[in-house]
Each structure stands twice: as C-alpha cells, then as structure tokens.
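Visitor: Sequence:
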Amino acid sequence: MQFKVGPSQKEFRRQGASSAVDVHRPSEGTRLVALALMVIGLALSISAGRAHAQASPAISGNPSATDYSVVGTGWLGRQLGLKDDWGLKLGGLWLADTNLVVAGGSVPGGWTNNQAFFLGLAIDANKLVGWRGASFGFQFLQFNGADTNEQAGSVAGYNGIVGHTPYSRTELLEAYYLQEMIKEVLSIRMGRTIPTYDFGNVLRPVVMSDANQNIPAVSGLLWTPIFVNASMIGAMMGYHNPGNGVTVNFTPSSSFYLNIGVYDGNRARGVQTGVSPPQFNGYWFNIAEVGVDWQIGPGGHPGQLGIGLWRQTGELAVQGVTENGTGGFYLFGSQRIVRAVHSAAPDSSISVFFQFGANASVTLPITQYYGIGATFFGLIPRRAQDSFGIGAGLSRMNQLLFQRPSEVMVQAYYQAHLFASTFLQPTVTYIPTPALAPDLPGALATTMRLTVLF
Numbered sequence: 155m156q157f158k159v160g161p162s163q164k165e166f167r168r169q170g171a172s173s174a175v176d177v178h179r180p181s182e183g184t185r186l187v188a189l190a191l192m193v194i195g196l197a198l199s200i201s202a203g204r205a206h207a208q209a210s211p212a213i214s215g216n217p218s219a220t221d222y223s224v225v226g227t228g229w230l231g232r233q234l235g236l237k238d239d240w241g242l243k244l245g246g247l248w249l250a251d252t253n254l255v256v257a258g259g260s261v262p263g264g265w266t267n268n269q270a271f272f273l274g275l276a277i278d279a280n281k282l283v284g285w286r287g288a289s290f291g292f293q294f295l296q297f298n299g300a301d302t303n304e305q306a307g308s309v310a311g312y313n314g315i316v317g318h319t320p321y322s323r324t325e326l327l328e329a330y331y332l333q334e335m336i337k338e339v340l341s342i343r344m345g346r347t348i349p350t351y352d353f354g355n356v357l358r359p360v361v362m363s364d365a366n367q368n369i370p371a372v373s374g375l376l377w378t379p380i381f382v383n384a385s386m387i388g389a390m391m392g393y394h395n396p397g398n399g400v401t402v403n404f405t406p407s408s409s410f411y412l413n414i415g416v417y418d419g420n421r422a423r424g425v426q427t428g429v430s431p432p433q434f435n436g437y438w439f440n441i442a443e444v445g446v447d448w449q450i451g452p453g454g455h456p457g458q459l460g461i462g463l464w465r466q467t468g469e470l471a472v473q474g475v476t477e478n479g480t481g482g483f484y485l486f487g488s489q490r491i492v493r494a495v496h497s498a499a500p501d502s503s504i505s506v507f508f509q510f511g512a513n514a515s516v517t518l519p520i521t522q523y524y525g526i527g528a529t530f531f532g533l534i535p536r537r538a539q540d541s542f543g544i545g546a547g548l549s550r551m552n553q554l555l556f557q558r559p560s561e562v563m564v565q566a567y568y569q570a571h572l573f574a575s576t577f578l579q580p581t582v583t584y585i586p587t588p589a590l591a592p593d594l595p596g597a598l599a600t601t602m603r604l605t606v607l608f
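To convert a position in the sequence shown, counted from 1, into the numbering used here, add 154.
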C-alpha cells in the first residue's frame with residue numbers, strides 16, 4: 155500500500171483515521187479489462203506448460219522484487235521467433251489474486267480481486283547493433299484492483315500488489331537506458347525505473363559462483379513492507395510508482411556493492427508517478443546503499459547484508475504539519491542456515507531474514523519498521539520447487555496522523571509450483587492492531603495468488 159501525502163489530504167485526522175472506509179467498486183469497463191487479461195494470462199500459463207519450459211525456482215510474491223519483473227522468462231519472445239543472439243527478449247508476468255477479510259478490519263467479510271499484467275522488452279544493444287555495454291528496457295503495466303488493504307484496515311499493506319488510487323492503471327512502468335562503463339563492475343541506468351530493485355531489497359536472490367549454493371528469492375511474503383521498507387512508504391518509488399532519474403551500480407568484487415540513486419522526488423508530495431509525467435521542480439529523492447555477501451560454516455551457507463541512507467528534499471505537508479525535507483536509514487540481511495534438510499530432498503534449505511528502518515519525518519505515515527521471517531525451500535519430497543514461509547512486521551505509526559502507536563502483521567504462505575513457471579500461493583495474514591482507525595478490531599485476511607511468468 156502506498157500512503158498519499160500532500161497539502162490537500164484530509165483522509166486522516168490527528169486522532170486517527172475515520173473508521174468509515176469507502177469501498178471502491180470497479181466499473182463495468184474495468185471488469186471487462188480484468189476479465190480479458192485473466193483469460194490471456196491463463197492461456198499463456200497453459201501454453202507455457204505445454205511447451206515444457208524449464209521450471210522456475212521459488213519466486214518473490216512481489217512483481218518488482220525479482221529479475222523476472224521486466225521480461226519474465228522470455229518464453230513469449232521465443233514463441234514469436236526471437237533468438238537470443240539477436241539481443242531481444244520479450245516476456246512478462248501476470249499476477250491475479252482474490253482476498254477475503256474473514257473477520258475484523260474495516261469491512262468484515264469484504265471480498266476484493268486484483269490483477270497485474272506486465273509485458274516487457276529487453277534490448278541488448280551489443281548483440282543487436284554492436285553498441286558495447288549498452289542495453290535498454292521497457293515495461294508496460296495494466297493493473298485492475300480494489301481497496302484490499304483498506305478493507306482490512308491496514309496502513310502498511312498486507313497485499314503488496316495493491317497501491318493507492320486509481321485502482322485501474324495503464325502505465326509505462328519502465329523505460330531506461332543502461333550503459334556498462336566497466337564490465338561487471340560499473341554501470342549507469344537512466345530513465346524510468348523501479349528503484350526498489352536496487353535499494354532496500356531484502357528479497358534479492360543470493361547468487362554465488364557455485365549455483366548449488368544460490369538462494370532464490372528470499373521470501374514469497376505478499377505484504378508491502380517486504381517490497382519497500384515501511385519506514386519509506388510515501389517517499390520511496392517502486393511498483394505502481396516508478397522513479398525517474400539515474401541509478402549507479404558499483405560492484406568491485408563479487409562480495410561487495412555500492413548503489414547510488416537520484417530521482418524525481420514528487421512521490422513524497424502525493425504525486426502518483428506511475429500515471430504522471432516526470433516533474434523536476436526541486437523535489438529530489440536521493441539514496442545510497444552498500445552491501446556485502448558471504449559464505450559461512452562447513453556448508454558454505456550464503457548470506458547478505460545491506461545498509462542504506464536516503465534524503466528527500468522539498469517542502470512536505472500533511473494535515474497542517476509541514477517539514478522542509480526529511481530522511482532516514484535502513485538495513486536488511488538474509489542468511490541460509492541449513493541445506494539438504496533430509497536425504498529425500500537434497501536441494502532443500504531454510505533461510506531467515508530481517509529488516510529495520512527509521513526516519514525523522516513528521517509527514518510520513520510510519521516512523522520505524524521492524525521485520526523478520528523464515529523461508530523453507532523444497533522440504534517436501536518430489537516438490538523441489540515449492541516453498542513456504544512466515545513473517546512478522548511491526549510498524550511504528552506517526553502519532554501526528556494516527557492514534558494507534560503501531561501496526562503489527564503476521565503472515566504465512568505456501569507457494570506451490572504447478573507447472574512450467576506457474577505458481578499458486580495461499581496466504582493468511584493476521585493484523586491484531588489495524589492502524590487505519592483507532593477502534594478497528596484485529597483483522598484476519600486470506601489471499602489466493604496465482605503467478606504466471608512467460
């Protein structure tokens with residue numbers, strides 16, 4: 155969930171948000187678009203299965219936190235006759251889910267359905283025209299959804315596919331030029347991108363020189379804070395609201411990296427950057443992150459740690475509270491703790507992760523975030539591509555905007571590999587203290603997510 159911040163905002167009172175929640179009902183046209191894309195997605199998943207595409211490893215539950223988010227598996231391009239040596243890759247991702255607030259929250263018994271269709275094109279200019287180190291990426295998004303998180307009363311967002319209004323979006327999500335200055339060491343990416351892939355991404359797969367040691371996407375949790383640290387919600391760009399600017403990636407060794415980004419910072423004013431053109435008007439979002447990878451123990455268990463600082467410039471205002479810029483920091487890490495859990499599943503493993511973030515803002519909804527989780531990969535014999543996990547998150551609320559001091563979420567899921575690159579994921583979330591209003595009862599919500607990579 156993304157939190158809207160701007161001088162005209164009246165949704166939240168200092169004493170806490172009103173318990174009344176508007177249920178946004180999609181129009182007939184929106185339902186037809188969603189239905190058409192569901193049919194296309196199902197057809198693609200069936201076709202990909204018949205083509206016996208190589209099965210994907212465990213994947214992230216968030217579309218913008220995985221390499222597949224730009225061009226999927228490239229299956230679509232191969233079916234259309236595109237060859238790898240041409241430097242063209244066409245593919246995508248389709249997500250669809252249904253959600254039920256079983257009890258509590260703002261709308262007990264409320265049902266919502268969401269779908270996100272991504273279509274991406276990657277161009278390797280070196281292969282295509284001999285332009286050394288250059289590449290281009292384009293990604294289209296069609297999203298149709300509802301007020302899923304509001305029905306549960308969640309501010310942090312238990313379902314990360316849903317952002318803020320409008321709930322029907324047609325976007326150019328990415329359009330960038332990447333130039334590799336020093337091969338596999340220094341690169342610069344300019345244009346419209348998703349910064350959460352490079353910053354604060356605890357889901358980033360751990361890739362080692364020995365492929366058998368790799369950790370797939372660290373978790374399949376669906377909630378928003380696994381995608382963007384909750385302490386940056388309202389300022390950080392990402393899925394639904396991309397960033398327009400420059401990203402520098404410096405990787406002098408296989409165990410260390412430095413990422414730096416400068417972007418149009420109007421997201422912190424409440425601008426929906428996904429459906430708005432860039433505005434370079436003095437509002438800037440600046441961020442830097444350093445990280446290390448390692449292997450420990452007799453089994454060479456891989457792990458990673460990242461630390462980041464960010465600064466937002468410009469005059470920010472919400473509910474009569476103003477500030478001239480703000481900033482914060484975050485850190486995250488993950489570690490595989492065991493591999494080959496039992497002889498019947500030699501590739502099985504267990505990994506854990508943590509997140510922390512804090513800011514000095516008086517206009518953002520969440521001031522601190524703490525998150526932990528564990529993921530179990532391939533523990534069931536003959537189900538090597540399945541995974542399941544659990545996570546817990548605590549968001550400290552801005553007391554100038556919300557009466558409740560914190561929002562707690564606990565989420566558990568099972569990600570079942572169906573065939574090819576198709577996954578089905580039932581998920582259960584419990585939110586004992588929904589922060590959208592001070593008097594909301596604890597919410598129990600379920601989600602059934604279908605993910606198709608093509």
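Derived by calculation from the structure, the hints in this document are not laboratory data. Keep in mind the model is a prediction, meaning the values are calculated, not measured. Note that beta-carbon positions come from the ideal geometry of N, C-alpha and C, so glycine has one too. Hints are not guaranteed to be accurate.
[As the list claims (entries may be wrong)] Pairs of lysine to aspartate or glutamate residues, derived as EDC-like cross-links and limited to a Cα-Cα distance of at most 16 Å, are as follows:
hint, residue 1, residue 2
1, Lys237, Asp278
2, Lys281, Asp238
3, Lys281, Glu334
4, Lys337, Asp278
5, Lys281, Glu325
[Said to hold, decoys possible] DEER-style ranges, computed between Cβ atoms:
hint, residue 1, residue 2, range
6, Pro535, Val416, 48 to 58 Å
7, Ala546, Pro580, 45 to 55 Å
8, Asp239, Asp501, 23 to 33 Å
9, Ala329, Arg232, 47 to 57 Å
10, Tyr331, Val444, 44 to 54 Å
Visitor: Is it true that the C-beta distance of Ala546 to Pro580 lies inside 45 to 55 Å, as the hint says?
Guide: violated, 18 Å
Visitor: Taking only the CA atoms, is the gap from Lys237 to Asp278 under or equal to 16 Å?
Guide: holds, 12 Å
Visitor: Is the straight-line distance between the alpha-carbon of Lys281 and that of Glu334 16 Å or less?
Guide: Status holds; Cα separation ~14 Å.
Visitor: Given the hinted pair Lys281 and Asp238, is their alpha-carbon gap at most 16 Å?
Guide: holds, 9 Å
Visitor: Straight-line Cα separation of Lys337 and Asp278 no greater than 16 Å?
Guide: holds, 14 Å
Visitor: Does 47 to 57 Å hold as the CB distance between Ala329 and Arg232, or does it fail?
Guide: violated, 23 Å
Visitor: In this structure, is the beta-carbon distance linking Pro535 and Val416 contained in 48 to 58 Å?
Guide: holds, 49 Å
Visitor: Look at the Cβ atoms of Tyr331 and Val444 and judge whether their distance stays inside 44 to 54 Å.
Guide: violated, 25 Å
Visitor: Could you grab the alpha-carbon distance between Lys281 and Glu325 and see if it respects the 16 Å cut-off?
Guide: violated, 28 Å
Visitor: Do the Cβ positions of Asp239 and Asp501 conform to the proposed distance bound of 23 to 33 Å?
Guide: holds, 31 Å
When held up to the earlier numbered hints, the structure conflicts with 5, 7, 9 and 10 and fits the remainder.
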